[in-house]
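Could you build the full structure based on these sequences and the hints that come with them?
Line order of the protein sequences matches chains F and E. Quick note: the first sequence uses this note's numbering, first residue 9, plus one each step. Quick note: the second sequence uses this note's numbering, first residue 9, plus one each step.
Be careful, since some hints might not be right.
Given that identical chains are not distinguished, each listed pair holds provided it fits within a single copy or across any two copies.
As the list claims (entries may be wrong) - Capping the alpha-carbon separation at 25 Å, the derived lysine to any residue pairs in SDA-like fashion look like this:
hint, residue 1, residue 2
1, Lys15, Pro286
2, Lys165, Ser428
3, Lys186, Thr392
4, Lys54, Thr205
5, Lys210, Arg164
6, Lys210, Asp50
Source of the hints: derived by calculation from the structure; they are not laboratory data.
Protein chains: 2
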Amino acid sequence: MGFKETKIVDQVLNEAIKYIKHVPRVVDSTITEALNKYLAEDAVAKFDVPGFNRSAVDGYAVRSVDTFGASSTNPITLRVIGFMSVGDDPSKYSLNPGEAVEISTGAPLPINADAVVMYEDTRRAGDYVEVLRPVPPMGNVSRRGEDVKANEVMYRKGMKILPWDLGVLASMGIYRVKVFSPRVAIISTGNELVEVTDVLSKGPPPGRVVNSSRFVIEGLLKSLGCEPVYLGIVGDYEERIAETIDNALRDYDAVITTGGVSVGKVDYTIKAVMRLKPEYINHGLSIRPGKPNSIAVVNGKPIFMLSGFPVAAATGFDVLVRPILLHMMGATDDPRPIVRGILTRRVSTPVNTRSFVRVRVYLGRDGKVYVDPLALTGSGVLSTLVRGNGILIVPENREGFDEGDEVEVTLIRPLFVEGS
Amino acid sequence: MGFKETKIVDQVLNEAIKYIKHVPRVVDSTITEALNKYLAEDAVAKFDVPGFNRSAVDGYAVRSVDTFGASSTNPITLRVIGFMSVGDDPSKYSLNPGEAVEISTGAPLPINADAVVMYEDTRRAGDYVEVLRPVPPMGNVSRRGEDVKANEVMYRKGMKILPWDLGVLASMGIYRVKVFSPRVAIISTGNELVEVTDVLSKGPPPGRVVNSSRFVIEGLLKSLGCEPVYLGIVGDYEERIAETIDNALRDYDAVITTGGVSVGKVDYTIKAVMRLKPEYINHGLSIRPGKPNSIAVVNGKPIFMLSGFPVAAATGFDVLVRPILLHMMGATDDPRPIVRGILTRRVSTPVNTRSFVRVRVYLGRDGKVYVDPLALTGSGVLSTLVRGNGILIVPENREGFDEGDEVEVTLIRPLFVEGS
Numbered sequence: 009m010g011f012k013e014t015k016i017v018d019q020v021l022n023e024a025i026k027y028i029k030h031v032p033r034v035v036d037s038t039i040t041e042a043l044n045k046y047l048a049e050d051a052v053a054k055f056d057v058p059g060f061n062r063s064a065v066d067g068y069a070v071r072s073v074d075t076f077g078a079s080s081t082n083p084i085t086l087r088v089i090g091f092m093s094v095g096d097d098p099s100k101y102s103l104n105p106g107e108a109v110e111i112s113t114g115a116p117l118p119i120n121a122d123a124v125v126m127y128e129d130t131r132r133a134g135d136y137v138e139v140l141r142p143v144p145p146m147g148n149v150s151r152r153g154e155d156v157k158a159n160e161v162m163y164r165k166g167m168k169i170l171p172w173d174l175g176v177l178a179s180m181g182i183y184r185v186k187v188f189s190p191r192v193a194i195i196s197t198g199n200e201l202v203e204v205t206d207v208l209s210k211g212p213p214p215g216r217v218v219n220s221s222r223f224v225i226e227g228l229l230k231s232l233g234c235e236p237v238y239l240g241i242v243g244d245y246e247e248r249i250a251e252t253i254d255n256a257l258r259d260y261d262a263v264i265t266t267g268g269v270s271v272g273k274v275d276y277t278i279k280a281v282m283r284l285k286p287e288y289i290n291h292g293l294s295i296r297p298g299k300p301n302s303i304a305v306v307n308g309k310p311i312f313m314l315s316g317f318p319v320a321a322a323t324g325f326d327v328l329v330r331p332i333l334l335h336m337m338g339a340t341d342d343p344r345p346i347v348r349g350i351l352t353r354r355v356s357t358p359v360n361t362r363s364f365v366r367v368r369v370y371l372g373r374d375g376k377v378y379v380d381p382l383a384l385t386g387s388g389v390l391s392t393l394v395r396g397n398g399i400l401i402v403p404e405n406r407e408g409f410d411e412g413d414e415v416e417v418t419l420i421r422p423l424f425v426e427g428s
Numbered sequence: 009m010g011f012k013e014t015k016i017v018d019q020v021l022n023e024a025i026k027y028i029k030h031v032p033r034v035v036d037s038t039i040t041e042a043l044n045k046y047l048a049e050d051a052v053a054k055f056d057v058p059g060f061n062r063s064a065v066d067g068y069a070v071r072s073v074d075t076f077g078a079s080s081t082n083p084i085t086l087r088v089i090g091f092m093s094v095g096d097d098p099s100k101y102s103l104n105p106g107e108a109v110e111i112s113t114g115a116p117l118p119i120n121a122d123a124v125v126m127y128e129d130t131r132r133a134g135d136y137v138e139v140l141r142p143v144p145p146m147g148n149v150s151r152r153g154e155d156v157k158a159n160e161v162m163y164r165k166g167m168k169i170l171p172w173d174l175g176v177l178a179s180m181g182i183y184r185v186k187v188f189s190p191r192v193a194i195i196s197t198g199n200e201l202v203e204v205t206d207v208l209s210k211g212p213p214p215g216r217v218v219n220s221s222r223f224v225i226e227g228l229l230k231s232l233g234c235e236p237v238y239l240g241i242v243g244d245y246e247e248r249i250a251e252t253i254d255n256a257l258r259d260y261d262a263v264i265t266t267g268g269v270s271v272g273k274v275d276y277t278i279k280a281v282m283r284l285k286p287e288y289i290n291h292g293l294s295i296r297p298g299k300p301n302s303i304a305v306v307n308g309k310p311i312f313m314l315s316g317f318p319v320a321a322a323t324g325f326d327v328l329v330r331p332i333l334l335h336m337m338g339a340t341d342d343p344r345p346i347v348r349g350i351l352t353r354r355v356s357t358p359v360n361t362r363s364f365v366r367v368r369v370y371l372g373r374d375g376k377v378y379v380d381p382l383a384l385t386g387s388g389v390l391s392t393l394v395r396g397n398g399i400l401i402v403p404e405n406r407e408g409f410d411e412g413d414e415v416e417v418t419l420i421r422p423l424f425v426e427g428s
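Following this line, the structure appears as structure tokens:
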């Protein structure tokens with residue numbers, strides 16, 4: 009029993025990507041709906057930002073020539089003809105030689121003004137202001153187009169839209185954008201599965217388990233800006249699985265199955281996909297948990313065949329589904345929170361395998377960060393995902409880490425604090 | 009000109025929190041809808057997981073007593089009476105002394121079986137199997153309730169629901185949960201503002217600017233599991249602002265305003281809130297950008313008065329709004345991605361001020377990480393949020409960092425790579 013051969017993750021990704029030709033669905037959405045999605049086109053500024061020369065300080069808008077030679081011992085006196093507020097039209101005032109307009113930060117320069125003297129460099133006297141220092145042309149002015157120029161490409165295709173980007177896009181005159189919104193079918197296989205809505209408080213019948221992987225995958229897909237479409241539970245029937253995947257490939261950008269990827273009697277899904285004559289298929293990955301996670305490409309679209317065990321499926325999502333869907337959108341993955349800490353117990357892992365060890369990371373009373381490997385590491389053990397707050401990744405070229413080693417851990421929840 | 013006094017962020021948070029009594033809205037939602045929201049109740053397992061004793065390996069289910077004394081030189085032969093698949097009912101078979109049932113990982117133990125012998129420790133011969141090694145009671149068995157016990161509190165109120173939690177909750181028999189879903193009103197003030205939908209390609213009229221802060225705040229609120237409700241642009245009229253905030257306080261869990269928080273002629277919003285007789289108010293924070301960001305508490309609910317400049321407003325959201333809304337939900341903030349790098353230029357910041365310096369972080373050709381402070385640091389400069397990918401926070405007790413210093417930076421986008 010066991011896989012004839014399991015491949016290193018990076019090799020499988022490199023191979024599979026060569027066969028993926030499909031471009032996922034693009035939708036035209038408002039910027040608000042586009043939050044956390046990936047741009048399917050470059051975003052180009054429709055106008056200059058700011059759209060006019062505006063004051064960068066509170067003070068007096070002037071003709072800079074009028075201030076030349078001014079000093080505190082020899083101030084130049086200008087007549088104040090009004091006050092320019094934020095939102096006023098620049099044509100509200102027009103300066104003649106010897107005149108100034110009081111102005112707020114962000115307000116437009118009046119006609120004929122080309123600089124602003126800060127309050128600190130002036131002395132007010134009734135309707136007049138004494139300028140104590142000269143100001144050069146465009147001094148204290150934010151020029152039109154200084155922030156963003158019309159027709160400038162501000163965002164490249166594939167960039168993820170973050171909260172502040174909504175403001176940048178609106179400032180550039182963009183209210184609707186084209187974003188990727190891949191629709192991904194989820195097919196659960198397994199005679200043991202029941203829907204949570206069918207069992208609620210009383211629990212599943214003897215021998216059966218709740219289909220939980222489906223929800224994990226839905227959540228992971230949503231977090232990646234994709235639209236999950238759950239197609240239900242298909243029993244362990246090779247022909248029905250093949251038919252369901254075949255139909256899903258027609259309608260969706262990618263297909264994710266769970267279950268039926270072990271070896272021997274229980275590889276229904278692998279056999280079902282073989283019937284679809286894939287351009288590429290790989291059964292078995294050198295990772296733990298998640299060795300049975302597999303991938304195929306049919307008609308240029310990926311089929312991800314994940315383990316029936318939810319934790320193994322989540323690991324498979326992370327190493328296979330996520331990078332490939334990002335690749336299809338021309339996107340790069342987000343940075344992840346990493347923390348360094350001291351390992352409290354030895355961790356042993358198989359060589360030539362990338363191991364994902366669930367850990368509890370805490371700040372000790374001594375102010376140091378400690379990393380506690382969780383005892384239960386079976387791929388079916390969901391509760392470690394709650395009790396733990398981090399993942400220690402042991403790379404292929406190591407067989408683990410020793411007690412006392414300083415290790416890097418990906419944090420999935422806040423640090424625990426000892427004694428609190 | 010200037011604030012009489014600006015306070016340190018932590019002091020303001022500690023003071024304001026004392027006056028906040030309001031508990032935000034709770035909704036009953038499906039687990040899928042609850043993704044990225046914060047639990048408003050403990051989540052308690054409805055049944056044992058697993059719900060039955062199941063095999064942890066592929067092999068033969070046996071009565072452990074039947075295997076005592078077995079060895080490779082002296083194997084014990086059992087009669088194989090059938091095959092137990094995942095999803096089968098445990099009552100499918102019942103073992104008599106001397107019998108075994110072939111079994112898959114995850115399948116339930118048949119009646120009278122109390123252990124599983126791995127394939128590796130057996131030799132099959134037709135309808136019989138030779139056991140080469142004894143197995144203790146419960147050997148290679150995942151016991152009922154081993155992962156989660158019925159009535160166990162798995163999640164505490166205030167915990168954020170992450171993708172894999174959806175699977176854990178479903179496994180526990182939970183399909184609907186109570187989560188916080190605070191409704192937060194957004195009120196934009198400023199005569200200069202126009203809606204992006206009103207100006208699109210042609211750009212705002214002279215002197216006017218697009219209301220971009222509104223979108224930044226909507227995005228930040230959504231990312232925090234809150235529901236933003238945009239109430240539109242109110243001009244710089246103290247009375248109308250007061251009335252709008254007063255109405256919003258009745259209907260929503262919190263209010264966020266932008267604009268009208270500078271000093272002197274342009275503190276409409278501060279004056280408007282003073283009319284509402286706040287239990288607490290603080291005008292001005294020791295941060296840069298974002299000094300005018302302010303907070304008040306009226307009837308136990310927070311009013312966040314943010315700067316009219318989008319970048320300063322985003323900083324105010326991060327230091328004021330985010331921690332207080334999390335506090336109201338009993339939640340802790342997520343860990344953030346931090347990277348260490350070498351500063352390429354000196355950064356000077358005012359003392360007693362927490363400064364947020366936008367930076368460009370990149371991986372140099374020499375394999376080292378470099379941190380490049382962006383030249384434009386005006387609070388109105390949105391484009392630095394696109395050109396940069398990180399924030400360098402200079403704490404109150406420093407006046408900056410020197411060129412060549414190793415600094416910690418919060419990453420908001422992936423690292424750039426030099427030369428690519």
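Hints and how they fare:
In the homo-oligomer, the alpha carbons of Lys15 and Pro286 lie at most 25 Å apart inside one protomer (18 Å), although the nearest pairing across protomers, at 64 Å, exceeds that limit. With identical chains, the CA atoms of Lys165 and Ser428 are at most 25 Å apart between copies only, with a shortest distance of 16 Å across copies and 45 Å within one. Only between protomers do Lys186 and Thr392 lie at most 25 Å apart by alpha-carbon distance; the minimum there is 23 Å, versus 39 Å within a single protomer. Only between protomers do Lys54 and Thr205 lie at most 25 Å apart by alpha-carbon distance; the minimum there is 13 Å, versus 49 Å within a single protomer.
In this assembly of identical chains, Lys210 and Arg164 lie within 25 Å of each other by CA distance solely across copies; the values are 23 Å between and 52 Å within a copy. Taking CA atoms no more than 25 Å apart as the test, Lys210 paired with Asp50 passes between copies only; the shortest distance there is 19 Å, against 52 Å inside one copy.
Consistency with the previously given hints is maintained throughout, with no hint failing.
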